[in-house]
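A.B. asks: Quick mapping for you: the protein sequence lines, in order, are chains A and B. Okay, so the first sequence: first residue is 717 according to our numbering, each after it adds one. Okay, so the second sequence: first residue is 717 according to our numbering, each after it adds one.
Just so you know, the hints here were simulated from the structure itself, not pulled from any lab data. Check before you lean on any hint, since a few could be wrong.
Because identical chains share one entry, a pair is satisfied inside a single copy or across any pair of copies.
[Said to hold, decoys possible] The calculated SDA-like cross-link candidates involving lysine to any residue, where the alpha carbons are at most 20 Å apart (straight line), are: (1) 740 / 751; (2) 941 / 760; (3) 761 / 832; (4) 940 / 769; (5) 791 / 835; (6) 811 / 795; (7) 835 / 800; (8) 775 / 899; (9) 813 / 895.
Number of protein chains: 2
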Amino acid sequence: MQRYKAIVAYDGTDFSGYQVQPHKRTVQSVLETVLAKMHKGHEVKVSASGRTDAGVHAKGQVLHFDSPLSIPDEKWVIALNSLLPDDLSILKVEKVKESFHARFDAVGKEYRYRLLLSKSRDPFECRYSYRYPYKLNIEAMQDSCRYLVGEPHDFTSFCSAKTEVVDKVRTIETIDFLMDGDLLTIRFVGNGFLYNMVRILVGTLLEVGSGERVPEDLEEILKKKDRRFAGKTAPAHGLYLWEVFY
Amino acid sequence: MQRYKAIVAYDGTDFSGYQVQPHKRTVQSVLETVLAKMHKGHEVKVSASGRTDAGVHAKGQVLHFDSPLSIPDEKWVIALNSLLPDDLSILKVEKVKESFHARFDAVGKEYRYRLLLSKSRDPFECRYSYRYPYKLNIEAMQDSCRYLVGEPHDFTSFCSAKTEVVDKVRTIETIDFLMDGDLLTIRFVGNGFLYNMVRILVGTLLEVGSGERVPEDLEEILKKKDRRFAGKTAPAHGLYLWEVFY
Numbered sequence: 717m718q719r720y721k722a723i724v725a726y727d728g729t730d731f732s733g734y735q736v737q738p739h740k741r742t743v744q745s746v747l748e749t750v751l752a753k754m755h756k757g758h759e760v761k762v763s764a765s766g767r768t769d770a771g772v773h774a775k776g777q778v779l780h781f782d783s784p785l786s787i788p789d790e791k792w793v794i795a796l797n798s799l800l801p802d803d804l805s806i807l808k809v810e811k812v813k814e815s816f817h818a819r820f821d822a823v824g825k826e827y828r829y830r831l832l833l834s835k836s837r838d839p840f841e842c843r844y845s846y847r848y849p850y851k852l853n854i855e856a857m858q859d860s861c862r863y864l865v866g867e868p869h870d871f872t873s874f875c876s877a878k879t880e881v882v883d884k885v886r887t888i889e890t891i892d893f894l895m896d897g898d899l900l901t902i903r904f905v906g907n908g909f910l911y912n913m914v915r916i917l918v919g920t921l922l923e924v925g926s927g928e929r930v931p932e933d934l935e936e937i938l939k940k941k942d943r944r945f946a947g948k949t950a951p952a953h954g955l956y957l958w959e960v961f962y
Numbered sequence: 717m718q719r720y721k722a723i724v725a726y727d728g729t730d731f732s733g734y735q736v737q738p739h740k741r742t743v744q745s746v747l748e749t750v751l752a753k754m755h756k757g758h759e760v761k762v763s764a765s766g767r768t769d770a771g772v773h774a775k776g777q778v779l780h781f782d783s784p785l786s787i788p789d790e791k792w793v794i795a796l797n798s799l800l801p802d803d804l805s806i807l808k809v810e811k812v813k814e815s816f817h818a819r820f821d822a823v824g825k826e827y828r829y830r831l832l833l834s835k836s837r838d839p840f841e842c843r844y845s846y847r848y849p850y851k852l853n854i855e856a857m858q859d860s861c862r863y864l865v866g867e868p869h870d871f872t873s874f875c876s877a878k879t880e881v882v883d884k885v886r887t888i889e890t891i892d893f894l895m896d897g898d899l900l901t902i903r904f905v906g907n908g909f910l911y912n913m914v915r916i917l918v919g920t921l922l923e924v925g926s927g928e929r930v931p932e933d934l935e936e937i938l939k940k941k942d943r944r945f946a947g948k949t950a951p952a953h954g955l956y957l958w959e960v961f962y
């Protein structure tokens, strides 16, 4: 058996998220079906760096799997892609030590959230960014981030109450804002992110940008350690798992 | 009755082209259904600058329609967009003289064709560009264009045999090539384009780029006035009706 690390990209629109669910088209189930085809029907389990929700995209999701097949790395990419649908693509496959684990070995992640700041709809952006047609004070949003980045914080307030994780302390290294035309990309880099954390952070930052909250509220929300004090969860289709660091 | 000119954009992926067809989702039928809703069920016909095929996108298709409703131009945009699906969007509506005709008054059009020159698939590009993973001599493609642009030519060879148009003389003003990363955009501006003309031009240029033909062949193909001498029709999903000039 050889362990392989794979980097995959997907347009999350038509997937019911990453994880296998009965009767649903998920990233994991599509990948495992294709791997089973390559292994004469034998099940091959894939393990990802983390789940992504329905509608969330990935530019660089990482996963691992074990296979008895001895195929050169580039041939894996070609073979898998020839069987995969257009909205899911293998970018890279490489042999790794059998101790490698896509989730446990990850030391950090980058997520990006794309906002279309426009009154008019764009049919070419509707799957790939969240359109926010109202006034937005981006400076106030940037100002809020000083309460979030640099040192470890307990992000209980910014985490879906559904989570099973006990330790909710994470460190966000940087949050930056990139404006390109009417497209605002907010980039989050950190050592780990809780369930829905980026989407709740974005939803809360939008409430600061719209004037419903002030930047100083972020400090208060963190202290409360209660999901109810943070803002709304921003929609899935603006979110991208951009890169996983090892 | 007031005549209105509208500029619309659509992601062509999930439409069976522009024109109404029984039991099919087309751009025209979706627009007319929404207009009928705004007119208490009364039929409102829309006339476009020209049809687009299934899968072809539009960034600036133009159409006209007549309505007894007296609504300010910006309100038309908001009202129509609130009823239209995400993949079809009204960019602008303006009052025009009743003599205005979206097709007959058009004096030129710009089409763009997007090619993804990459060996690896990109799930975020698969709907919006044609992936060409082979070697391409772009200089030879550019060189071919001198036989096509600047003066009127009979484009019978570059036109689907299915067309009903009799006069096949058109003038292409410019064809230019824009490389951005691994994305090649070929831009066509001319006084008019025949059925499938841009796609057949792109298919033929690709055969020059791949070395199957030489630039000088273009002159010969034009002279033949026979579709069978030109190259393959490039796929619809790389093509955009970009702008219509009046």
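A.B. asks: Work down the list of hints and note, for each, if the structure agrees.
C.D. replies: Here is how each hint holds up against the structure:
1. 740 / 751: within (18 Å within a copy, 36 Å between copies)
2. 941 / 760: Cα proximity of residue 941 and residue 760: none, with 40 Å in one copy and 56 Å across.
3. 761 / 832: neither (37 Å within a copy, 32 Å between copies)
4. 940 / 769: neither (26 Å within a copy, 56 Å between copies)
5. 791 / 835: For residue 791 and residue 835, only the inter-copy Cα distance (13 Å) is at most 20 Å; the intra-copy one is 46 Å.
6. 811 / 795: Within one copy, since 16 Å is at most 20 Å while 55 Å is not.
7. 835 / 800: between (37 Å within a copy, 15 Å between copies)
8. 775 / 899: Answer is both: 18 Å inside a copy and 17 Å across each meet the 20 Å cutoff.
9. 813 / 895: Classified as neither: same-chain Cα gap 41 Å, cross-chain 40 Å, threshold 20 Å.
Checked against the numbered hints listed earlier, the structure breaks hints 2, 3, 4, 9; every other hint is satisfied.
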